[in-house]
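Given chain A, put chain B with the ligands in place with the hints provided.
Line by line, the protein sequences are chains A and B. Just so you know, full-length UniProt numbering puts 279 at position 279 of the first sequence, and the rest follows in order with no gaps. Just so you know, full-length UniProt numbering puts 151 at position 151 of the second sequence, and the rest follows in order with no gaps.
These are computed hints drawn from the structure, not numbers from a lab. Note that the structure is a prediction, hence the values are computed from the model and not measured. One or more hints might be untrue.
Copies of the same chain look alike in the list, so a pair counts if it works inside one copy or between any two.
[Unchecked claim] Using 20 Å as the maximum straight-line C-alpha spacing, the simulated DMTMM-like pairs for lysine to aspartate or glutamate come out as follows:
id, residue 1, residue 2
1, Lys161, Glu115
2, Lys306, Asp76
3, Lys302, Glu61
4, Lys294, Glu258
5, Lys306, Asp207
6, Lys302, Asp76
7, Lys230, Glu287
8, Lys130, Asp78
9, Lys229, Glu280
10, Lys133, Glu238
11, Lys273, Glu97
12, Lys230, Glu258
13, Lys133, Asp174
14, Lys152, Glu258
15, Lys211, Glu131
Number of protein chains: 2
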Amino acid sequence: MLYITGHTNPDTDSICSAIVLSYFMDGAPARLGKLNPETEFILKRFGIMEPELIKSAKGKELILVDHAEKSQSLEDLDEGKLIGIIDHHKVGMTTSEPILFISKPLGSTATVISELYFNNMMPYIGGKNKELKPDLAGLLLSAIISDTVLFKSPTTTETDKQLAEKLAKIANIDDINKYGMELLKAKSSVGKMSPEEIISLDYKNFDFNGKKIGIGQVEVIDVSEVEAKKQHIYKALEEKFKENYDLILFLITDIMKEGSEVLVVGDNKAFEKAFNTTVENNSTFLEGVMSRKKQVVPPLEKYYIK
Amino acid sequence: MLYITGHTNPDTDSICSAIVLSYFMDGAPARLGKLNPETEFILKRFGIMEPELIKSAKGKELILVDHAEKSQSLEDLDEGKLIGIIDHHKVGMTTSEPILFISKPLGSTATVISELYFNNMMPYIGGKNKELKPDLAGLLLSAIISDTVLFKSPTTTETDKQLAEKLAKIANIDDINKYGMELLKAKSSVGKMSPEEIISLDYKNFDFNGKKIGIGQVEVIDVSEVEAKKQHIYKALEEKFKENYDLILFLITDIMKEGSEVLVVGDNKAFEKAFNTTVENNSTFLEGVMSRKKQVVPPLEKYYIK
Ligand SMILES: [Mn+2]
Ligand SMILES: [Mn+2]
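For reference, chain A alone in the conformation it holds in the complex (with noise of 0.2 Å):
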């Protein structure tokens, strides 16, 4: 039985990515942890099933959408069949035999899924050639929204754009815009949050050459909710740094500034070194960082693999 699944501690382009690849190969998609609000939010607007939790990779054949990363995927990967990664992230691990894989450096792994049906691509990755429903074009421009932070962060292309117009018209939502900030809006609704669930909303493990770094991000649209709890976010990150960590930053992502304050617990002097940044309390604002995946793990991977 095929599987389809997005990383750990999901974000909606990884559910919204399995669901749609999933109708494509006729696999199920699944999930490795809760909806975050957003999520859960687009699923309830198109109508759309939440994913089977699944916890195991025995005996399953396995494709991995949006994460190329053991620290991001089942524990006990090794134990599936894997055949296939369709991504826009870093390579971040190696396989044991040749695999489907498929990356492309776009804002979202939702953009790499519209690219391959708009160019009827579905067939070249093992998929059928069937129609976009409405309603799965709506997941996909919503995850595109999504990761790229409505088209603000600097991983957005003018693929993105244009692909999200397309899909636009297919799931009848006039106004991208209108719908982008609803959507935000639903994204930094974190005031009833334990300072936990805020940092597991979008946590992610790395392996950098043997050192384990977590990088936590949430983005606002207003900071206030968020600042008030912030010595409280940071105790909750010094306990989770107890797990073996040698590093944990967490990004607060102000999407109307365009720039993330770092909250920073383990080793200040990596990141200080990586991001020629000084910490303070702390903390540290990087003027313009957005991305993750584009902005910070590249110069944190850089630091510690030399």
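Leaving out everything else, chain B with the ligands in the frame of chain A:
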């Protein structure tokens, strides 16, 4: 400037894939070492110049073909800008940034490139919509034949056979089998070579969990020429082993018998466990084993990683 290069100790698939992809991507084909006699025969046959030898990645944009393994690439790969990988091997490396990655479990990289061409997907990977000329079709066909050992290797897929037919028509080659036997003979002509030359014909390094493994292979129609030099080849392997290896394997593949004698230097225990066999007089015969990629690398990698 964009360079497209295959792996060190280049084989026909690496060289031909680099040349053909360069044509579509407006890049320069490059090689990381001396051509083998088979590849020389092919380039002469179709009147194509050998690619430029490069020794450094510095200042270059790079697309890797036919490998996804740092230990098989330029030593200073990280000094260049890696923009893509087009391959058919296991994923053997990580990157620090998102790149274009197209890999499928097909018989050769030339098959992957042919499929992109026949599906009009060159623009999808950033290439141009041009016509494949007969000489370049001949190179792709030759690389498919070489990598699949004239469709005898267990790595061979239906796609390899189908696209070979299409390429043969464009290249004006009426009898694929007859042409294939010519190629295999050119590949087999090791009579005048030194043991060192025979070893380096098709030799690849791997890094399995920090262990340094070398795996060489020679594929011959008639094993008697290599058999006669076996003791000298083993001596040369022992010499090579001093370069800090943990294990070196050398496959003498009998194309007719469809199996390989394996010469083993170093960690015999690892080899015996991974392949459930016993080594006598530094060697063993593996029935049905013709593909390093599909039949030798995966069990070894599993042994070392776990
Ligand atoms: Mn994504
Ligand atoms: Mn190859």
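Here is how each hint holds up against the structure:
{"no.": "1", "hint": "Lys161 x Glu115", "result": "within (12 Å within a copy, 28 Å between copies)"}
{"no.": "2", "hint": "Lys306 x Asp76", "result": "between (29 Å within a copy, 12 Å between copies)"}
{"no.": "3", "hint": "Lys302 x Glu61", "result": "between (33 Å within a copy, 18 Å between copies)"}
{"no.": "4", "hint": "Lys294 x Glu258", "result": "within (14 Å within a copy, 48 Å between copies)"}
{"no.": "5", "hint": "Lys306 x Asp207", "result": "both (14 Å within a copy, 17 Å between copies)"}
{"no.": "6", "hint": "Lys302 x Asp76", "result": "between (28 Å within a copy, 14 Å between copies)"}
{"no.": "7", "hint": "Lys230 x Glu287", "result": "within (19 Å within a copy, 64 Å between copies)"}
{"no.": "8", "hint": "Lys130 x Asp78", "result": "neither (31 Å within a copy, 41 Å between copies)"}
{"no.": "9", "hint": "Lys229 x Glu280", "result": "within (18 Å within a copy, 68 Å between copies)"}
{"no.": "10", "hint": "Lys133 x Glu238", "result": "neither (45 Å within a copy, 62 Å between copies)"}
{"no.": "11", "hint": "Lys273 x Glu97", "result": "between (37 Å within a copy, 19 Å between copies)"}
{"no.": "12", "hint": "Lys230 x Glu258", "result": "within (19 Å within a copy, 66 Å between copies)"}
{"no.": "13", "hint": "Lys133 x Asp174", "result": "within (16 Å within a copy, 46 Å between copies)"}
{"no.": "14", "hint": "Lys152 x Glu258", "result": "within (8 Å within a copy, 57 Å between copies)"}
{"no.": "15", "hint": "Lys211 x Glu131", "result": "neither (45 Å within a copy, 48 Å between copies)"}
Of the hints listed earlier, those the structure fails to meet are numbers 8, 10 and 15, in rising order.
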